[in-house]
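Numbering (the working numbering), first residue to last: 1 to 278.
There could be a bad hint or two in this list.
Result set (DSS-like, lysine-lysine): computed pairs, CA atoms no more than 25 Å apart in a straight line [what the hints assert, rightly or not]: (1) Lys272 with Lys247; (2) Lys105 with Lys272; (3) Lys105 with Lys186; (4) Lys251 with Lys272.
Quick list of simulated restraints, FRET-style, between CB atoms [said to hold, decoys possible]: (5) Ala4 with Gly229: 54 to 60 Å; (6) Glu79 with Arg134: 31 to 37 Å; (7) Val34 with Glu274: 17 to 23 Å; (8) Gly246 with Ile107: 26 to 32 Å; (9) Arg52 with Ser267: 25 to 31 Å; (10) Arg134 with Arg52: 54 to 60 Å; (11) Arg94 with Arg135: 29 to 35 Å; (12) Glu216 with Asp90: 22 to 28 Å.
Hint data in this document are derived by calculation from the structure and do not stem from the laboratory.
Quick caveat, the model's predicted, so the values are computed rather than measured.
C-beta atoms are modelled at their ideal positions from N, C-alpha and C, and glycine is treated no differently.
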Amino acid sequence: MTDAFVTRFAPSPTGWLHRGHAFSALSAFEAARVAGGRFILRIEDIDRTRCRPEYEAGIFEDLAWLGLEWETPVRRQSEHMADYQRALDDLAARGLLYRCFRTRKEIAEEIARAPHGAMEVFRGAPLSAEEEARRLAAGEPFAWRLSLEAAAGVLGGFADLHFTDEHRGRVQATPAVGGDVVLARKDVGVAYHLAVVVDDALQGITHVIRGEDLFEATHVQRLLQALLGLPVPLYRHHRLLTGPDGKRYAKRDRAETLRELRGRGMSPADLKREMGLG
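Generate the whole structure from the sequences, applying the supplied hints.
Next up, the structure:
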């Protein structure tokens, strides 16, 4: 094996895996095998309200059924919150974060009130020191948001921010598509974007292979890599599997799970052929 090619599959144990997960995991595993590289499994379990141990056990069972092997021990995000806190502290100390006390509903209503096309993502600003202190003293919940304005000031703009996507070539990163993203909440120590770039760096991930639905997330993550001085992997955003209704498979739509496929007698070879991987 070589550290020149290290990729990962990083599911969240918030439900049972379905065909879409299988396609992504198999794509990464096969890419590592062909390159003589390493395949890592990571459990992204920072959402403590939705993650459940039975779903994590199901991930291991489903991937083993598919014939995948992975390195151990498996990194669980919930066991490494100190790593994310260090990154947050670094960003906060440099004035790149601000506390946002607005609720999701308030932000959605503000975007809806804006003139058509004028505001599609949230851009905020720090409160005055007095107002922030008052709200903190009152125990109001808040989120830590990344200030795009401050980030642009530190980097001298985003014109030199790029990443490489296998299908698109060199891509100009446009982190403004995500607005001032949330990097942590009072009740959750870290949000997805920050956790994933920290994990990828600590685990030496050189190739990120994941679904096309995460392409836009790459723009924000590239910004965080630049701000934190982290290495930039190569990216491959693969096609998304869709069902007979044309919609991509998703947990929220109760997509047929791998457990259910096994239960009705489908074999891993059958599934791979169905997905065009056989």
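So, going through the hints one by one against the coordinates:
no. : hint                           : in the structure
1   : Lys272 with Lys247             : 20 Å, holds
2   : Lys105 with Lys272             : 42 Å, violated
3   : Lys105 with Lys186             : 17 Å, holds
4   : Lys251 with Lys272             : 20 Å, holds
5   : Ala4 with Gly229: 54 to 60 Å   : 21 Å, violated
6   : Glu79 with Arg134: 31 to 37 Å  : 36 Å, holds
7   : Val34 with Glu274: 17 to 23 Å  : 21 Å, holds
8   : Gly246 with Ile107: 26 to 32 Å : 31 Å, holds
9   : Arg52 with Ser267: 25 to 31 Å  : 27 Å, holds
10  : Arg134 with Arg52: 54 to 60 Å  : 38 Å, violated
11  : Arg94 with Arg135: 29 to 35 Å  : 23 Å, violated
12  : Glu216 with Asp90: 22 to 28 Å  : 25 Å, holds
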